[in-house]
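Enquirer: The residues making up each chain are set out below.
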Amino acid sequence: MLNRLEEIKMLINLTELDEGKGAWVREIRGGNCLNTKMESMGIRAGKKIMKSGGLKTRGPQIVKFDNLQVAIGFGMAKHIMIEAE
Amino acid sequence: MKKILLAGNPNVGKSAVFSRLTGTRVLISNYPGSTVEYSQGQVDIGGIEYAVIDVPGTYSLSAESDAEKVATDMLGEGDIIVNVLDSTNLERNIFLTMQLLKLRKPMVIVLNIWDDTKHLGIKIDADKLSEILNVPVITTVAVIGVGITRLKDAIPSARVSDYDLGGDDIWKHIGSIIGSVQSISHRHHTFLERLSDILIKPVTGIPIAGLILMLSFEFTRFIGETLISAVLDPLYLKFYAPFVIRLVSTSDSSMLSTLLLGADTNAMSGFGILTTGVYIPLVVVLPYIFSFYLVLSVLEDSGYLPRLAVLLDSVMHKFGLHGYGTIPVILGLGCKVPAILATRILEKRREKLLATVLILLTAPCMPQTAMIISILLEHGASYIALTLGIIIFMGLISGYLLNKLLKGDAPELFIEIPPIRKLRPNMLLKKMWLRMKGFVLEAIPLIMLGVLIVNICEMSGLIGYISAHYGRSVTWILGLPEDAFPVILFGFLRKDVSISLLAPYGLNAAQLVVSCVFLTLYLPCISTFFVISRELGLKSALKISAFTFTVSLLLGGLLNLVLS
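Chains as they are written, first to last, in my numbering: chain Y, 1 to 85; chain C, 1001 to 1564.
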């Protein structure tokens, strides 16, 4: 229980990650629709990603993983909970 | 006839495979969603004819967007599925493969973009993948035709996979497959990858985008102008015009001579089928179509368009769209018809409606732009800039207000950004040829028909009758001569023709600006109208037309008051 709480504390959303930094996706906090959408693009819990672009205050967030680059709207990116590297 | 369906994620080269397999030429671009309508062709394999269908790309079979719904519905009807994968992104691509396997249809897997795996340090054991999934696996580089013969040979041996997906998590299966067939060695960033990063980061990307757009505009203008003044206009005046005049003058009929050569020999105002009817499409419009599509094709094939879409995301939110709405709007600078079709990449009806209004109101199509430049040039470039500036400004204001009026919010951007790719000149030429051919075959007959109808109406006195009875109020609001009303009527048929119809009236610069703005905005042309009613329904097409007509009449009236 304590471990889980500590883990949740360590999570931040994608918009809070610094540009150029890596992270692990831990959770996608949204409905089924959002989860399916992310999953079909390859973004899922356990996936390692790198934020290659995007401001912390607004605008799309760009993430890289494998050989892919994906742009995610700011509001949507807030639902992606990550653990920074 | 058995149906082969080409299925896969967006931007993996399905259209290139389709084109190579069937010999049918289709437009291929480097951004997801370039195929929104399916193409069908045929291929003969070992004496048996197969129908081949290029299904719009989809990430999953959950059918989130229109393109995905079309793909999902079509997949149910196929006999053989050729699943095209991007070899450089095997993990994400196999997610769809797993869903396709569940359809229990004979399948062949194509690992496309195979050449890039070497550059990226990716090793894939295709035989092992075939062994695991128990379906044929072929490696291809479809854009240059590598592997297509092997694919043809493999299609008859397509089979239903016996791979057991069980009840486990799909990603466990994918992880295990990837683990056994793929290995990746470390490598350094390439120049194109570094360039890609620079182009998409707001700090560097926004000024570069400004520069690219400015250069694109200048290049389009320069090439168009040079082709007209240095090549086509002299060719027309020195060789073509004297030739047709000599040819027609052998006829005794003055009516035939007026129909073919026009009232006078001026190529812009005479309105003969063989003079104005040829001069408008081939000398005035075609050079700009050529230069615009050359620039657009470079932006498309290099992969720059989606980057621009990301950079403009925040701006597009003001108009109720996300950044990807930029792509149809940019396509609309060329022709509104493919632009309206491209709104299918947007998910919701509200977005499509807003994008359609932006496409119609923010800029004229390229034939219209060419005519506006041509007719206003003698009054100075500032009038051209004023006309285009007013149109863009009004389009943006209307889009902004409509977004406020319609219920709902702008959806979030969620797109894959394709890699920046080196241009392949032969692919570029093929694409240019396809687009130019499209213009010549579709627009030129319509323009000639328009010129013929104008001529007949003029000769029969119909134009005078209509102007006297119906046109007064509209021409009064716009400050135009009464007999200019038919110009407005013909605009619905072909807008470039309608602008050229202004030439004989001897309008002053202010009147020309008012008419060009009004004619650009007042109604979609007939082809665009049909596409809008097909995409959004007749009722919406009529509503949009009523909206644009009201906006343009108010604006035209206001401009008339201010400028005169």
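Mixed in with the good hints, there may be bad ones.
As the list claims (entries may be wrong) - Below, computed lysine-lysine pairings styled on DSS-like, alpha-carbon distance capped at 27 Å:
{"hint": "1", "chain 1": "Y", "residue 1": "Lys64", "chain 2": "C", "residue 2": "Lys1172"}
{"hint": "2", "chain 1": "C", "residue 1": "Lys1318", "chain 2": "C", "residue 2": "Lys1172"}
{"hint": "3", "chain 1": "Y", "residue 1": "Lys47", "chain 2": "Y", "residue 2": "Lys21"}
{"hint": "4", "chain 1": "C", "residue 1": "Lys1102", "chain 2": "Y", "residue 2": "Lys47"}
Worth flagging that the hints you see were computed from the coordinates, not collected in a lab.
Enquirer: Now tell me, hint by hint, if it's right for this structure.
Expert: The hints, checked one at a time:
Proposed proximity of Lys64 of chain Y and Lys1172 of chain C is supported: the alpha carbons are some 22 Å apart, at most 27 Å. This hinted pair does not check out: Lys1318 of chain C and Lys1172 of chain C have alpha carbons roughly 42 Å apart, beyond 27 Å. With a C-alpha separation of about 14 Å, the suggested pair Lys47 of chain Y and Lys21 of chain Y falls inside the 27 Å cut-off, and the hint holds. A distance of roughly 25 Å separates the Cα atoms of Lys1102 of chain C and Lys47 of chain Y; the hinted pair therefore holds under the 27 Å criterion.
Against the hints set out earlier in the document, a violation occurs for number 2 only.
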